[in-house]
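Visitor: Residues 1 to 111 (full-length UniProt numbering) make up the sequence shown, in order.
For the record, the hints were derived by calculation from the structure and aren't laboratory data.
It should be emphasised that the depicted structure is a prediction, and the values quoted were computed from it without experimental measurement.
Hints are supplied without guarantee of correctness; some may be wrong.
[To be verified] Only pairs whose alpha carbons sit at most 30 Å apart, straight line, appear in this in silico DSS-like list of lysine-lysine:
| no. | residue 1 | residue 2 |
| --- | --- | --- |
| 1 | K61 | K86 |
| 2 | K48 | K16 |
| 3 | K61 | K48 |
| 4 | K104 | K48 |
| 5 | K104 | K86 |
| 6 | K52 | K30 |
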Amino acid sequence: NKPFKCEICNTRFYRKCHLQVHIRSHTGDKPFKCDFCNARFSRKPHLKDHIKTHTGEKPFKCEFCDARFNRRTYLNDHISTHTGEKPFKCEICDARFNHNTNLKRHIRIHT
1 NKPFKCEICN TRFYRKCHLQ VHIRSHTGDK PFKCDFCNAR FSRKPHLKDH
51 IKTHTGEKPF KCEFCDARFN RRTYLNDHIS THTGEKPFKC EICDARFNHN
101 TNLKRHIRIH T
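Build the full structure now, drawing on both the sequences and the hints.
Guide: Pasting the structure below:
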């Protein structure tokens, strides 16, 4: 049982802190500010990721080549270009893609 309920959309949470973060999606509250450009974020991890765009920090290195990335998700997307993995499948024609954005672009041909 999830004891903490959002009074706006009725989504429930196990922890009060998760509810508090969720409520920001309704209120638009963004308490975390970038000191470089004044961009604001609702979650501290999003601010930390953003700051890397200013500092140039790229801690995530590709094991196949010398490419480096500031976010793990960007690295994971890149790795699929080496492995040939195509995890995103069109439910209409079974075509497969290495990036979700490519699948979304493809789906437009069916509409």
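Visitor: Could you grab the alpha-carbon distance between K61 and K48 and see if it respects the 30 Å cut-off?
Guide: Roughly 18 Å between the alpha carbons, so the hint for K61 and K48 holds.
Visitor: Does the alpha-carbon distance linking K104 and K86 stay inside the 30 Å limit?
Guide: holds, 14 Å
Visitor: Assess, step by step, whether the Cα of K104 is no farther than 30 Å from the Cα of K48, and give holds or violated.
Guide: It holds: about 28 Å lies between the C-alpha atoms, which stays within 30 Å.
Visitor: Would the pair K61 and K86 pass a check requiring their Cα atoms to be no farther apart than 30 Å?
Guide: holds, 21 Å
Visitor: Taking 30 Å as the top limit, are the C-alpha atoms of K52 and K30 close enough?
Guide: holds, 18 Å
Visitor: Are the Cα positions of K48 and K16 separated by 30 Å at most?
Guide: holds, 23 Å
In this structure, every one of the numbered hints holds.
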